[in-house]
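Could you put together the complete structure from these sequences and hints?
Chains as they are written, first to last, in our numbering: chain Y, 1 to 723; chain Z, 1 to 100; chain C, 1 to 230.
Check the hints yourself; a few may be wrong.
Not everything, but these chain Y residues come out facing chain C in the computed CB check (under 10 Å) [as the list claims (entries may be wrong)]: (1) Phe-699; (2) Ile-706; (3) Met-707; (4) Ala-709; (5) Leu-713; (6) Val-716.
Calculated directly from the structure, the hints in this document are not laboratory data. All values reported here derive from a predicted model rather than from experimental measurement. Ideal placement from N, C-alpha and C gives every residue a C-beta, glycine not left out.
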Amino acid sequence: MVSPAILLAIPLLPALGALVNGVRAFANPLTPKNRTITNLFSLGSTGLSALLAAWTVISYVQSGTAHAFQHVYYTWIPAGIGHVTGGFIANFSIDFAFRIDTLSCTMLMIVTWIGFLIHVYATGYMSHETGYTRFFTYLNLFMFMMLLLVLGANYLVMFVGWEGVGLCSYLLIGFYYDKNFAADAGKKAFITNRIGDFGFILGLFFIFNTFGTLDYGKVFALASAHPQTYASIATAICLLLFVGACGKSAQVPLYVWLPDAMAGPTPVSALIHAATMVTAGVYMVVRSNVLFRLSPTAMGVVAVVGAVTALFAATIGLAQNDIKKVLAYSTVSQLGYMFLGAGVGAFTAAIFHVMTHAFFKACLFLGAGSVIHGVGGEQDMRKMGGLRKYMPKTHFTMLIATLAIAGIPLFAGFYSKDEILSGAYAFSPAIWLIGAFGAGLTAFYMFRLYYMTFWGEYRGAQVEGIETSEPEHGGHNLIPDQRHLDQGDEHTDKGHGHHAHAHEPHESPFSMTGVLMVLAFLSLVGGWIGWPAALGGSIPTPFQRWLKPVLLPLGGSEFEFHEASKGLEILLMTLSVGIALFGIWQATRFYLKDQSWSIPKRLATNLAPIHRVLTNKYYVDELYNATVIRGTLLFATFLALFDVYVIDGAVNLVRHATVFVFGHGSRLFDTYVVDGAVNGVAYTAKGGSTMFRRMQNGFVQNYAAIMGAGIVLLAVVYLFTKA
Amino acid sequence: MPSTSSYLILSGALFSIGLLGVIIRRNMITVLMSIELMLNAVNINFIAFSHQLASLEGQIFTIFVITVAAGEAAVGLAIIIQLYRLKSTVNVDEVRELNG
Amino acid sequence: MDSLTANMPLLVFMIVGAIAFASSILVVAMRNPVHSALFLLLTFLCVAVLFFMRGAEFVGTVQVLVYAGGIMVLFLFVVMLINVRHLPDERVLSSFWKGGFAVFLGLFILMITLVRPGVYHDEVANKNRLQAIPKHVVRRIHNADGTVTRKNIVRYTHPKGVGNSEAVGTLLYSDYLVPFEIASLFLLVAMIGAIVIGKRELSAVEEETAPAYMLERVETEKEVKESMSA
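The structure is reproduced here in structure tokens:
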């Protein structure tokens, strides 16, 4: 039986670790003792959380995986809140609840254990950073949020986690906050995520409006029981949810933040942007598989977008020279594959690929980090080479991971990618072709990376005094590396060199290489759980059976795992392996055999326009900058001007009018009316007096005449009216 | 017998003529003379009524009027002389210091 | 002849009245103030005749004596005192002659219309009364309700040889004594006032020389006296 308390403890332990380390981050300078305490809290909490996760999974498996386990901890928003009895609010009720089913178990294991491994790696990698404790605070906070995301029993709890990991991504990408490119990359990630979240929230609104609840169990039960009722609205819901997934999981057109996110430290790239956060979108789509299956349109869109992304990113990855950038575009491409799998109906394949990708991509990123650490901060592969002599353990682990990503049989990537591709073929051969071509490109550019880094002669800088340490490293001179500022590689993690002079590349400490070895092992055996039927496995594969309970029946008819004929399967497998081997062969030809790289250089010169486009990432960032960014800034400027001229203008107008009316008006009133009245009285008096003064003209006879006239008048009046 | 009314008509005529003279004439002395004329007209009036009403009071009053007229003429002429000394004119129109 | 005799008073009145009227017009109309003064004199005399005709002998006499004899002389003195040589050049009428004529007309017409002929007393009785001496008597009257009121009654007596003058005099010194005294005071004040107002301010030369002149005059007088007594 799954214990709710332990279930709650799984996310809460990293949260606690984050809290403690967060407080300590303000107060504590970097000393080995403090580092140990930080490690204790962060590694301890994450490790404990991983163990509890394993325990939970075991207890769940023991209790039977056919039904999900759900526990409500707290009624977050009760129905009719505020004593409202009608309408929307009367029915709106959200609980804070966790759900354990096979899908969340899978994600739980990936997140906690890969997270723990990366925590261990980071203790070695970040050991010279002044922001050590802050880093682990953020990392633990991320773990907490991610666990909320995967454990949530309703869309809103997942959304809390969704937003939270976006925040932590921002914090961690911009970890070197005093560097402009890092801060900008953090902003870019968060804002692009937000654009996706807008669609996601609209999707949540639609879900609630349609089903009256956001709880997984209830929504999916309703949808699976009455597919016809909800089929029409499902398209809108799913497309909106997919917009959110595009933002979070870096699909076209919202992928632009992921390459820039390489400005963060390498463990961040590994954990967040390879293994866990970016897969949240895939998780969400697979979680909502019932809704997606109601709308073939939405699934088609998902598949096409995934395929396009897979190919698009792969082509960009061909021309990048920064090791982390290549891995970033590779991640985008692999995420495209996951969505491709989900879109064609191979939901289990998508989750399978999530798992294997977590293994080998984390291994690749951490290995890249080890390489960068070993060569003293250099990230440009053209300045590397021959590192297999200096860093054998890193070399070996990265070779395994590269074989895995290339899709060579026996290694993990082959199984998951093959499952996706066979599902794609069943959906549409054209999609399969795109996928296969992308796989070939993947193999090519990954081996290109491998050869450029580990084979040939070491081409690193031999100049004294150039320091390219990570910015947070105290006490070292910070000279930006000019060689990175060309070729568009300006957004680079400055590497982890802590030597004041160029040095011989060296192997990384065991804290790093140990993790690499574990991950490499997983990259090898991790795919065997999904051994395909065509090669002797079962239908459905163990992994498919494991995830079956999540794929609810639709209107009474069960979900059917795609079953192709064995011959077709083997043919497709052979073709994909063949394409991968072809890619590897070409990479060997280009980058191993001829150490002057004459062939790629010649190709670059002959196909210079194409090469330029690829190197500049199809100018997508520039396009966005010119259109969206510029448009938003124009709008913002317009609003600012509107505020200044219209609103402030209206207010000022009122002010001016008031001043005018009450100021000038009263002045005018005072001058003309009040003073006018007063002066008028004076003028009247003066005029009257002038008039009367004329009577005193000094002519006595005039007085006499008037007196006489007056007397006559009086007499007339008196005598002739008294009668 | 001339009736009282004839006297009254005569008195009125003389009075009006006197008033006319006061208003019309430029020479101050002539003005004073016109005033005397007016007073005489009044006296005629008094005597006429005194005779009609068989009362001596009219005549008494007439005596007083004559007395006052004499005094007033004396003073008025003294003023005219003094004014002539100052202004060397007896033109009424030229003596208007007291104007507004 | 009878009618002439009977109507003599009326005839006299008409003639004298006409003369008075005409001369009064001429007073106002003459340019030369001397001429005006003379016509005024004529008017006065005519008025005196009219007084006599109405049984006011005393007043008529006073009129001639005071007005004709005193006031007109005064007027003529002043006219002579003032140099009249430059006067004839100027206009006769003042600037208010239009208003004056209007007022004159108005007043004249008013006077004429007000007078209503006919309702008067007996002539003879009136004439008698005008020569009577009043006598004040106090009469006691017994009223109906038994109270006694005292009433002042004037009785007129006609002692032998009492004429208008005596009657007026008696009245003046008995009943109208106070106004009489006041009139005499008035005359005194008027005389003083006339002297004061008409006094000539002495010029500086005259101021200086006046005492000498006075002294000289005293000296002269002394000399004369001595020469006379010597």
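Non-conforming hints, listed in increasing numerical order:
none
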